[in-house]
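Asks: Listed below, chain by chain, are the residues.
Number of protein chains: 2
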Amino acid sequence: MANFAIMGFGTVGSGVASVLRMNGDAIAERLGEPLSLKYILDVRDLSATEYAGIAVKDFSVLENDPELDVVVESIGGAKVALEFTRRALMAGKHVVTSNKELVASHGRELLAIAKEKNVNYLFEASVGGGIPVLRPLFQCLAGNQIEEIVGILNGTTNYILTRMIRGGVPFDEALKEAQAKGYAEQNPAADVEGLDASRKICILSDLAWGREVLPERISVQGISGLNLRDVETASKAGYQVKLLGRAVKLEDGRHCAYVAPHLVREDCPVAGVDGVFNAIMIRGNAVGDVMFYGRGAGDLPTASAVMGDVIDALQHREKRRNLGWGEGGDLADTGELSMCWYLRGGFAVPQGCREIGGGAVLTGPLSTKGAKALAKKLGAETILPVLP
Amino acid sequence: MANFAIMGFGTVGSGVASVLRMNGDAIAERLGEPLSLKYILDVRDLSATEYAGIAVKDFSVLENDPELDVVVESIGGAKVALEFTRRALMAGKHVVTSNKELVASHGRELLAIAKEKNVNYLFEASVGGGIPVLRPLFQCLAGNQIEEIVGILNGTTNYILTRMIRGGVPFDEALKEAQAKGYAEQNPAADVEGLDASRKICILSDLAWGREVLPERISVQGISGLNLRDVETASKAGYQVKLLGRAVKLEDGRHCAYVAPHLVREDCPVAGVDGVFNAIMIRGNAVGDVMFYGRGAGDLPTASAVMGDVIDALQHREKRRNLGWGEGGDLADTGELSMCWYLRGGFAVPQGCREIGGGAVLTGPLSTKGAKALAKKLGAETILPVLP
Numbered sequence: 229m230a231n232f233a234i235m236g237f238g239t240v241g242s243g244v245a246s247v248l249r250m251n252g253d254a255i256a257e258r259l260g261e262p263l264s265l266k267y268i269l270d271v272r273d274l275s276a277t278e279y280a281g282i283a284v285k286d287f288s289v290l291e292n293d294p295e296l297d298v299v300v301e302s303i304g305g306a307k308v309a310l311e312f313t314r315r316a317l318m319a320g321k322h323v324v325t326s327n328k329e330l331v332a333s334h335g336r337e338l339l340a341i342a343k344e345k346n347v348n349y350l351f352e353a354s355v356g357g358g359i360p361v362l363r364p365l366f367q368c369l370a371g372n373q374i375e376e377i378v379g380i381l382n383g384t385t386n387y388i389l390t391r392m393i394r395g396g397v398p399f400d401e402a403l404k405e406a407q408a409k410g411y412a413e414q415n416p417a418a419d420v421e422g423l424d425a426s427r428k429i430c431i432l433s434d435l436a437w438g439r440e441v442l443p444e445r446i447s448v449q450g451i452s453g454l455n456l457r458d459v460e461t462a463s464k465a466g467y468q469v470k471l472l473g474r475a476v477k478l479e480d481g482r483h484c485a486y487v488a489p490h491l492v493r494e495d496c497p498v499a500g501v502d503g504v505f506n507a508i509m510i511r512g513n514a515v516g517d518v519m520f521y522g523r524g525a526g527d528l529p530t531a532s533a534v535m536g537d538v539i540d541a542l543q544h545r546e547k548r549r550n551l552g553w554g555e556g557g558d559l560a561d562t563g564e565l566s567m568c569w570y571l572r573g574g575f576a577v578p579q580g581c582r583e584i585g586g587g588a589v590l591t592g593p594l595s596t597k598g599a600k601a602l603a604k605k606l607g608a609e610t611i612l613p614v615l616p
Numbered sequence: 229m230a231n232f233a234i235m236g237f238g239t240v241g242s243g244v245a246s247v248l249r250m251n252g253d254a255i256a257e258r259l260g261e262p263l264s265l266k267y268i269l270d271v272r273d274l275s276a277t278e279y280a281g282i283a284v285k286d287f288s289v290l291e292n293d294p295e296l297d298v299v300v301e302s303i304g305g306a307k308v309a310l311e312f313t314r315r316a317l318m319a320g321k322h323v324v325t326s327n328k329e330l331v332a333s334h335g336r337e338l339l340a341i342a343k344e345k346n347v348n349y350l351f352e353a354s355v356g357g358g359i360p361v362l363r364p365l366f367q368c369l370a371g372n373q374i375e376e377i378v379g380i381l382n383g384t385t386n387y388i389l390t391r392m393i394r395g396g397v398p399f400d401e402a403l404k405e406a407q408a409k410g411y412a413e414q415n416p417a418a419d420v421e422g423l424d425a426s427r428k429i430c431i432l433s434d435l436a437w438g439r440e441v442l443p444e445r446i447s448v449q450g451i452s453g454l455n456l457r458d459v460e461t462a463s464k465a466g467y468q469v470k471l472l473g474r475a476v477k478l479e480d481g482r483h484c485a486y487v488a489p490h491l492v493r494e495d496c497p498v499a500g501v502d503g504v505f506n507a508i509m510i511r512g513n514a515v516g517d518v519m520f521y522g523r524g525a526g527d528l529p530t531a532s533a534v535m536g537d538v539i540d541a542l543q544h545r546e547k548r549r550n551l552g553w554g555e556g557g558d559l560a561d562t563g564e565l566s567m568c569w570y571l572r573g574g575f576a577v578p579q580g581c582r583e584i585g586g587g588a589v590l591t592g593p594l595s596t597k598g599a600k601a602l603a604k605k606l607g608a609e610t611i612l613p614v615l616p
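For the record, the sequence lines run as chains A and B.
Whatever position you read off the first sequence (first residue = 1), add 228 for the working numbering.
Whatever position you read off the second sequence (first residue = 1), add 228 for the working numbering.
No lab work stands behind these hints, which were simulated from the structure alone.
It cannot be assumed that every hint is accurate.
Computed list of chain B residues with no C-beta within reach of chain A, every gap over 10 Å [claimed, not checked]:
hint, residue
1, ALA254
2, TYR279
3, LYS307
4, MET318
5, ARG363
6, PHE399
7, SER532
8, VAL534
9, ASP540
10, GLY598
Straight line, CA to CA, 30 Å or less: simulated DSS-like cross-link-like pairs of lysine-lysine [said to hold, decoys possible]:
hint, chain 1, residue 1, chain 2, residue 2
11, B, LYS547, A, LYS547
12, B, LYS343, A, LYS464
13, B, LYS343, A, LYS343
14, A, LYS547, B, LYS345
15, B, LYS547, A, LYS345
Please read all numbers here as calculations on a predicted model, not as lab measurements.
Backbone N, C-alpha and C fix where the C-beta goes; we use that ideal spot for every residue, glycine too.
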């Protein structure tokens with residue numbers, strides 16, 4: 229018998245309980261032993277629910293139970309979640325989480341504690357919801373040197389952009405729709421301004437190159453500044469506007485990560501990823517491009533990834549997964565990246581650009597700094613990178 | 229120091245050696261120890277190559293070396309490869325392979341030997357080339373009950389179909405092009421008649437449901453019977469013709485697997501997968517649909533998957549991966565599957581069908597048997613399932 233607990237019984241936590249109810253027999257068969265949900269830790273009163281018998285409010289109950297193998301942390305944020313994760317790992321429990329904020333900000337410390345205590349700290353659900361992407365990256369692609377990662381990492385903004393592109397719906401209205409459908413929070417800033425995507429591209433970058441990249445150190449641009457003219461102009465020229473997290477290894481070995489809306493050519497597989505779906509493309513020096521696609525959020529998809537990690541932790545009870553990253557290295561500035569750019573505005577199209585709709589696309593690459601200077605000189609209203 | 233050997237120094241075997249040369253330092257860092265290629269076993273004379281010092285012709289050298297940890301089997305076929313794999317596992321070596329024929333036909337036996345000897349038999353490269361798909365299926369999605377798997381599993385036929393669809397090139401000519409580009413063998417039957425895809429869908433099915441499905445037991449239809457009118461008619465009606473391997477769990481718990489050309493709606497992500505690329509879509513009862521996309525063949529992509537498995541085997545030296553499947557269960561007959569169908573021919577479109585180009589698509593599902601009977605009655609020239 230293997231025992232686990234859920235801390236934080238919101239969308240993800242209750243999803244994990246549902247997956248156990250749906251698939252408990254199949255999971256037991258895979259594990260070779262039954263998996264039992266022993267505790268649910270939550271500040272809410274669960275006494276009127278079917279979980280009354282296992283609801284607890286005191287974390288030390290989990291901490292001090294020698295029969296508890298795995299703790300699922302679905303509290304969110306980086307305060308209580310950080311404290312309880314630290315303590316659970318110190319107490320020799322494996323911890324599984326969907327908490328991207330915590331992993332992006334404190335993953336290095338928590339993985340170091342896990343290493344010291346010979347337990348697992350796993351977080352497949354923190355990037356791409358239910359889509360398997362972190363384990364494929366650090367395990368299946370372990371024979372590669374990773375050259376680039378680019379992804380639609382936030383379903384809310386992708387839904388909004390899809391409505392703008394396919395439905396001609398203005399940003400504000402598309403955001404309201406997303407809120408009505410439950411895809412966007414009442415305070416949508418973390419999604420719309422790119423913060424959620426920045427946490428995810430940092431975690432991918434940490435794993436790809438073994439060096440911590442903190443979200444507050446990278447350039448992040450969201451989609452609130454986009455208007456219908458941008459997506460329409462791009463569309464007419466054969467591009468889709470997508471909010472991408474992107475991490476690139478430069479020729480000198482340094483890497484950089486950033487989040488920005490990009491123009492994506494319509495023949496690129498990422499361009500066809502619509503609505504709340506996520507897609508992550510990874511380029512390795514042996515495998516070339518591989519892409520992972522699916523639902524990037526939602527209770528059951530996210531719980532699927534959490535449960536996969538719980539099973540993995542239990543199958544590695546005695547042996548920790550070799551997972552972790554070191555202190556931040558010399559991160560390249562996004563300004564050093566050379567890309568093609570899209571500039572919108574009523575200026576005369578200069579040399580080295582081709583006209584598209586009410587703007588221009590550079591025909592050759594230019595550094596971010598150079599592109600910004602050019603945009604200023606021309607008086608362009610919008611400037612967006614074009615995904616190479 | 230970890231030691232491995234390569235058996236069979238063809239496309240995949242030499243690709244593995246290349247990946248070690250390209251990425252040896254990064255692999256050593258991941259492993260925590262250097263990885264050394266100790267032997268290459270091949271019937272060819274390698275004395276004039278850089279591998280002269282490690283070339284051997286006698287398998288027992290590998291078998292009897294107590295310092296050899298992992299053997300890569302890239303011989304192909306199911307004769308010598310079967311014997312050497314059995315003996316390597318019996319000798320306590322981990323074995324990694326890209327050999328789909330061997331895994332599909334003898335995987336159950338070989339995994340049982342691996343279990344007995346507490347070593348790993350890993351075969352990520354046998355399906356989808358470099359695309360991580362088997363490990364995501366059996367590990368990341370372990371919390372799911374798998375409902376369906378559908379994939380473009382053969383790059384050669386997808387290249388041919390893409391040329392037929394996008395270029396209007398007839399089948400024979402597209403095949404010749406594929407051969408000229410090195411995508412198709414001189415004897416292309418295994419690809420074109422669906423045999424290669426059938427091995428891969430069987431391996432996916434084995435892993436998804438834990439029961440052996442042998443390629444010779446499933447219905448397999450290739451693309452040699454398709455002509456330009458089929459793909460053109462489908463295209464005009466908003467469908468792409470794709471050769472798919474498909475495995476489905478029925479409501480009564482049985483499952484079935486088959487290979488056939490399908491009509492795929494253009495808004496389905498699989499429809500946009502062109503050329504030699506592969507894509508595999510997996511539906512789990514928690515995660516929904518996830519898709520994996522990339523190059524399904526080629527020396528370096530396949531070697532990437534092999535190397536990922538070599539690293540995994542070395543990280544699990546003491547503990548075998550919990551991998552395997554039992555004897556074949558009660559496999560459902562494809563004839564029991566209800567689907568919509570496309571029928572081509574100059575018949576009067578019957579009730580329950582809508583006309584498309586020179587044929588008709590059923591508006592509701594019908595069993596394979598029923599559809600075949602209808603096709604016969606109408607005198608239809610072609611009958612193809614429509615992917616639901």
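Asks: Each hint needs a verdict: does it hold in this structure or not?
Replies: Okay, the hints, checked on the actual structure:
Remark: the non-interface label on B/ALA254 conflicts with the geometry, its nearest Cβ contact in chain A lying 5 Å away (cut-off 10 Å). Residue placement check: B/TYR279 keeps its beta carbon more than 10 Å from all beta carbons of chain A (closest about 19 Å). With a least CB separation of 28 Å from chain A, B/LYS307 remains clear of the 10 Å interface cut-off, as annotated. A cut-off of 10 Å between C-beta atoms confirms that B/MET318 is not in contact with chain A; the least separation is 24 Å.
Annotated as non-interface, B/ARG363 brings its C-beta within 10 Å of a C-beta of chain A; the closest such distance is 5 Å. With a minimum CB-CB distance of about 24 Å to chain A, B/PHE399 clears the 10 Å threshold, and the non-interface call stands. Distance to chain A contradicts B/SER532 as a non-interface residue, since its nearest Cβ pair spans about 4 Å, not more than 10 Å. The claim that B/VAL534 lies off the interface is violated: its Cβ sits roughly 8 Å from the closest Cβ of chain A, which falls inside the 10 Å cut-off.
Against the 10 Å criterion, B/ASP540 falls within the reach of chain A, whose nearest CB is about 6 Å from its own CB. No Cβ of chain A comes within 10 Å of the Cβ of B/GLY598; the nearest lies about 33 Å off, and the non-interface call holds. Between B/LYS547 and A/LYS547 the alpha-carbon distance is near 9 Å, which keeps this suggested pair within the 30 Å criterion. Restraint check for B/LYS343 and A/LYS464: the C-alpha separation of about 58 Å exceeds 30 Å, so the hint is violated.
Simply put, B/LYS343 and A/LYS343 have alpha-carbon atoms about 28 Å apart, close enough for the 30 Å limit, and the pair holds. Our distance criterion of 30 Å between C-alpha atoms is met by A/LYS547 and B/LYS345, whose separation comes to about 19 Å. With a C-alpha separation of about 19 Å, the suggested pair B/LYS547 and A/LYS345 falls inside the 30 Å cut-off, and the hint holds.
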